[in-house]
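Undergrad: Each protein sequence line maps, in turn, to chains A and B. The first sequence begins at 17 in the numbering used here and counts up one residue at a time. The second sequence begins at 214 in the numbering used here and counts up one residue at a time.
In short, the hints are calculated from the structure, not lab data. Hints are supplied without guarantee of correctness; some may be wrong.
Heads up, incomplete: computed chain A residues facing chain B, CB under 8 Å, no partners named [what the hints assert, rightly or not]:
#, residue
1, K41
2, V42
3, T43
4, A46
5, R47
6, A179
7, L182
8, R298
9, Q300
10, W675
11, S691
12, A695
13, A697
14, L703
15, L704
16, V724
Just so it is clear, the structure is predicted and the values come from calculations on it, not from any experiment. Cβ atoms here follow ideal geometry from the backbone N, Cα and C, with glycine treated the same way.
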Amino acid sequence: MSTVPHRARAAQVGRPMDRADGRAKVTGAARYSAEYAPPGTVYAVLVGARIAAGEVTGIDARRALRSDGVLAVLSHLNLPPLAAEPHLLPSLAGAAASGQSFFPMRDARVHYAGQPVAMVVADTLERAGHAAELLEVSYRAEPHVTGLEQGREHAYEPERIFAGFLPGRIGRGDVDRGLAEADTVVETVHRLAANHHNPIEPAAATAQWQDGRLTVHDSTQGPTATRLTVAELLGLPPSQVRVLAPAVGGSFGSKAMVWSHPVLAAMAARHVRAPVKLAVTREQMFTACGHREEQEHRFTLGARRDGTLTAMRHHKLSPTSPFDDWTEPSLEMPARMYACPNHEGVYRLFRANTMTPAFMRAPGEASGMFVLETAMDELAGELGMDPVELRLRNHCDDDPSTGLPWSSKGLRECYARGAEMFGWHDRAPVPGTRTDGHWLVGTGMASAVYPVYQAMGPQRARVRLYADGRATAETACADFGTGVGAVMRQVAAAALGIGAEQVEARYGDTELPTTVAAVGSAGTGAIASAVHTAASALREQMVARAVADPASPLYGTDPGRVEAAGGRMFPQGGSGGGEAYTDVLRRHMMSDAEALGAWDPPGADGGYAAATFGAQFAEVGVDPDLGLVRVRRMLGVFAPGRVLNAKTARSQLMGGMLWGVGHALLEATRMDPGSGRWANASMGDYLLPVNADAPEVRVEFAEVEDAVVNPLGAKGVGEVGVVGASAAIANAVHHATGRRFRDLPITIEAVLGRGQGASA
Amino acid sequence: MTRQTSRPRLPSQARREGREGTRPPEAGPGEVEIALTVNGTRRTVRVEPRVSLLDALRERLGVTGPKKGCDQGACGACTVLVEGRRVLGCLTLAITCEGRPVTTVEGLADGDRLHPVQEAFIANDAFQCGYCTPGQLMSAVALLEEGRAGDDAEIAEWMSGNICRCAAYPNIRAAVRQVRDARAEGEGGR
Ligand code: FES
Ligand code: FES
């Protein structure tokens, strides 16, 4: 199969194109999962445990059941059994993908505050909510562990983490020897607060049974993952479960895995024999879809006088749930970032009374690279070296953890272009010396990196071309803000040689060809590759038909020498002498033609390491009297390989960089160690960047060609934008003030020298 | 600003009584029928007094453009216009809106012709997941009407009641700027 698109066709791919669902989203026509109401729909409301550990000793549902409109109260006392045990498995694997190896309401045990202990179903949302308040749940509380200080003594070193996919300890060389060779050693300790995703659309599921078949509108990154998980837990054939998610209101990892609520919605719907809508409340979102765990990093960096790194030691301590050995992989990419011969990375966990943490945008990379990149900044300061220069000194052409060559990199260009566009070299040589009015002003930079993950099975798409010249491209995937719909249109159009405006993208439905959950920044590349494969197959099918048809001007032409553009096929090297697709279809009495394409991602043993690299730059102003940090401007240069849609790719990278503002300065979910509950589980109390916090952001691309990762050479842009952004900001705060803040977020209190996170 | 009263005043009831200031008859706790004028269309709906305008629209009238991001007045996704003014649908009781025109995102376009702010949002890629977008659009429309889009700082400040977790903020500002400038040009040219 020919996979190199002709230049004329390739022009479709990469150009900025409006979102496929733009009109639907600005008119209110786009429907999200809580916005379907089949006739007779009733409402389920979850009731969360009020203690962090112990037992439910009684559920008195009498008042709730007597309350107007109430149809059912479900709890461990009457919930039907599951057909299978839930097992944590990342949804990229393409199988059932429970977010934790636990399902609530199966027995009386309470493992974490907010764990669903009951579900009330009523005819209206208000009545269900009211009855949920009338439910009298009594508990016997036991001592709990929720915070680092409570769990530190019980920490253990897990054999494997991340659902068993990664080892609990990594390393190369001899760190002690490397440190002995070092002229300068930087040692740091960082405490990073827990974070919650807070997509603006809370998770929700609407479930309906019809003749034994189940339809679920689920707010998910992977309709296929929801289908497989719900089917497995309820003991249904997957073919009998249809999951729809044409519009999803943001996720950032919170909807990457499948949690209990779509399953509970289906169980409730079966119980009351009516469609059930279960919308998780904002407060419940803090205990329903995972979180980025609180973490402590101890980091040691050794270097020679010329900046060459000799050793890196990176230990992380974090709480996990009672059920799973989960910690976000914070150590892997820092270990692979620079040419450093000696490295040791160790995860330590302790069991805590929280749910299993989950993926959150750049899971591990955002935290781990904050640690590495702020330590690099400290090292540069110690050595009296420019931070960009220090990074160039340690640039690695091969992956230092495996010795394999990077499939593409482009990082040197990212540094160079970023530094020039940002005006990096104009920065004050001494920290804490530049002012603008009463503001202290500083700049900082950091490297960005995000691995290329690959789906673990074939990714499929269908492309259909109609006799009127219009086409459709279909996959099961969801668009939760990635803009994958527009990319599907562009890629199908390019491979077919028609205009992108002629192509309609259909997605968000398990009845369409199967793709895995769009997670790990792998979604768009995988889906685009599937569409590309299908559309290329369709073009070849049409060419084959034409060259075999005596009535075609292309009759007898070598199919390998036929090009397509503008809806026409023609002999290579000119656009004359061919014919339109529509002519062939009409002549052959075909209303349409279609092809299914399956793209097999390359395996892990392809002889290459793959990641997207970038460079981040930020300028901040610090008001020393008020403790305020304002980010004044940001610039990111990234090398994500082929950019499929410059418009949506830029937006995703920009959004990621602005996540760095939250990560650096605002976002923290604080655990109340006494009650074992999150103390600020609301959007008013969990601080998120608002418009006035968001500076202008410049996103640039360094062009690299990647012939390895997929036929389009696209490496993914969803997450790398956040990596290093918080480090660049923290480094800028140091440059502005001369003071180093190692904990996140850098709060006003810390800048004022009070409370948590204050440092010298 | 208002009298402390445990019962909401229904404008229509006040009208029926023909005298301002008379205590309205009790409504609730059961359902009452009210008439809401949504995007120019009068619709009747039965709601308990505790039902928010947002839930009346989304769950009872099938008007799902206004979004529920928090149900606590913190995110702005539920922003709609009542009598042309921005309100948070989640913090407004439906029965207090009787007789007051409600405009939602569905009411911005003129048939197939998008409102200039809608067009500008698409052109500037001022959203990703789109879930905050109906609220952003209503706020943007109102702040432009109010003349509060003088410069970027002012736009940012007045748009800060609408959280966008996708962080499309710079593009939202660009969209508002574009409409502001187009209007200024239009007026200048006249
Ligand atoms: S839903 Fe009303 S402000 Fe969030
Ligand atoms: S577009 Fe997703 S929250 Fe604003």
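Undergrad: Each of the hints needs a verdict: does it hold here or not?
TA: Evaluated hints:
no.	hint	result
1	K41	holds (3 Å)
2	V42	holds (4 Å)
3	T43	holds (6 Å)
4	A46	holds (6 Å)
5	R47	holds (6 Å)
6	A179	violated (26 Å)
7	L182	violated (28 Å)
8	R298	holds (4 Å)
9	Q300	violated (11 Å)
10	W675	holds (6 Å)
11	S691	violated (20 Å)
12	A695	violated (16 Å)
13	A697	violated (11 Å)
14	L703	violated (10 Å)
15	L704	holds (6 Å)
16	V724	violated (28 Å)
Going through the hint list in order, the structure does not satisfy hints 6, 7, 9, 11, 12, 13, 14 and 16.
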